[in-house]
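**Q** In case you want the letters, here they are:
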Amino acid sequence: MRSLRLRLFAILLAATGIVWLAAVVWIYVGTRDEVEHVLDTRLQEAARMVASLASGFDALPGASTSAAMQPLGSYERQLSCQIWSLDGRMVAKSSGAPDQQLSPAASGFSDRIIDGEPWRVFSVEDADHNLRVMVGDRVGLRERLVTDLIKGLMWPALLIAPLLGAAIWTSVGQGLRPLRQMAQDLGAREPDDMRHVETERAPTEVRPLAVALNGLLSRVEAARRHEREVTAFAAHELRTPLAGLKTQAQVALAADDPKVVRGALEQIVTAVDRSSRLVRQLLTIARLDSETVDAPLAPVAVGPILEEIVAATPRHERTTVTIDASVRAMVLNTNADCLQLALRNLHENAMQYTGEGRVVWMARGNAIAIEDEGPGIPADELDQIGKRFFRGRLRSPIGSGLGLAIVKLALAKVGAKLTISNREGRSGTRSELTFDV
Amino acid sequence: MRILVVEDDPILADGLRAGLSLTGATVDAVETCEDADHALAASHYSAVVLDIMLPDGSGLDLLRRLRGRRDATPVLLLTARDSVGDKVSGLDSGADDYLAKPFDLDELAARLRAIVRREGGRAAPAMTHGAIVLSPADLSVTVAGEPINLSRREFAILAALMERPEQVRSRAELEERLYGWQEDIESNAVEVHIHNLRNKIGKDAIQTLRGVGYRMGTGR
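Sequence order for the protein chains is A and B. When you read off a place in the first sequence, starting at 1, and then add 20, the result is the number in this note's numbering. When you read off a place in the second sequence, starting at 1, and then add 1353, the result is the number in this note's numbering.
Don't read these hints as lab results, they were simulated from the structure. Given the structure is predicted, the values throughout are model-derived calculations rather than measurements. Any given hint could be a false lead.
Below, a list of computed lysine-lysine pairs in the DSS-like style, where the Cα atoms sit at most 30 Å apart [what the hints assert, rightly or not]:
#	chain 1	residue 1	chain 2	residue 2
1	B	Lys1440	A	Lys266
2	A	Lys407	A	Lys437
3	B	Lys1440	A	Lys407
Same shape as in the complex, but just chain A:
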């Protein structure tokens, strides 16, 4: 059953019905025994009464009928009475009593079938007066009495049953109202409404659901916020160079001064170079994102790759780059493309941020590290570093905010890890790539 309300209703109704039935059976059995007992006692009393009355007369009238017997509705002529002499002659019988002897027993209770009907008979023998009195009633009547009693109980119950059903239906509905209220509240929400569901006043049974729902809402909200941030950063990083290009182009078109025109055109060239780099970075990210399988691993010599990168990257004239012997001799079981991507982006970063100073590549165990003498990274931005399009306060003019994201992605492909920290005791950044053995 899909509806909780229907299910509760059915369970409650079934439980109530079973309790009722059990009560009816119990009352039926109890009443039947009680009625049996009462009626047996009455038979006994009636027989003794008749016997004592009969012994008072010397001559009994013939088989006469008692005119005093009045019809008693459905229970009329419930009792039949016969008086027999001990030698087997019927002395008298009550009106409606069968002609056949009610009981063969001399005294006490007996059950008999007379004219196809079961009877219950009590006999009393009065030897002094040569009399045997038998009083009996039909068992069928007895059972009708019990049935009528039970019916009398059942009718009001049957009338009440629909009322009870309605009461249960409404109560279950009332009991489920907090759930319905919650569903309504959630259903009426705007898509971006991530307010938490009220848990303080929620019933105990609903609270776990509400708490779980709030947890989910928080996670969805965090994911959306992250997505919004990335979208905002991306929009800024993509549209600002375009705005620069357009503005410079309009300046070149509008200016009369050849010096201004030339300046604007030079700026356009620079802007296109930067945009090209941004596009290259974006394509790299897209490629790394779309490759779902891990890159194939093979032994790679780090030295030659690093030397090539260092030679190809332009640097400030006062920057010195040292490749330590430890890293020159290093051979890693990794993917050459991914390693090259990571090393190149880290090296470019170091070149952008170090003016006059030293940049050193070194190895320690399974880790490759690069240390620069740039300004370092503000402490509060360290955990944001590597987010796509994130550029800190100390951004370099040609950065795109994608370099470290690319490094992280490339390293993830080969199961390596990037740790970035500020150098201790002096300004500068230390980036460490840790490879699994």
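Got chain A sorted already, so can you dock chain B onto it with the hints?
**A** This is chain B only, laid out in the frame that chain A set:
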């Protein structure tokens, strides 16, 4: 018009400086919220062109601080985000106008002129004083219908005086309107420009209040 550009992208900032200068404005450019705060505290600007996403914070926070100081300098927001929600939050933070990147330089200049004009309480795009009509949109000046050829500085001084013709402008005030930080100011530059202006638009057009400054002439 003296404009402060707060934009961290060097190419865009350079383009704005060059482009707005072509429309007769004097432009100072800064890259961070902190520098913008200092610039706004030190000088008076006709308007601010403000990027929202800056290296050291949000341009919107800068804008709220500015309005919190009851500084009513007109602000035009530049942003990469162009959803309605972003526009609303920008304008509600106290911005006077809003442009999404990439924008058109001419539109930016026109919107700047409009917000500066509104801030000065004028509805008509051109300023009129007697027979002199000055139009900031096309940098033109006419006297009694005759077009007058003015240099950029002369135009800027005349515009500053005509914004509030009865108000006296000191020499320092005019210099501030005329020159950005990087420019060297010759000590008698304003006097020279005023002298040339009088030759072009009439001797009585500008009054000198000795030791105080200049204002538009009241003779006509």
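**Q** Run every hint past the structure and note whether it holds.
**A** Outcome of the hint check:
This hinted pair checks out: Lys1440/B and Lys266/A have alpha carbons roughly 22 Å apart, not beyond 30 Å. Note on Lys407/A and Lys437/A: the hinted pairing holds, with a Cα-Cα distance of about 15 Å set against a maximum of 30 Å. Of the pairs offered as hints, the one joining Lys1440/B and Lys407/A holds, with about 26 Å between alpha carbons and a cut-off of 30 Å not exceeded.
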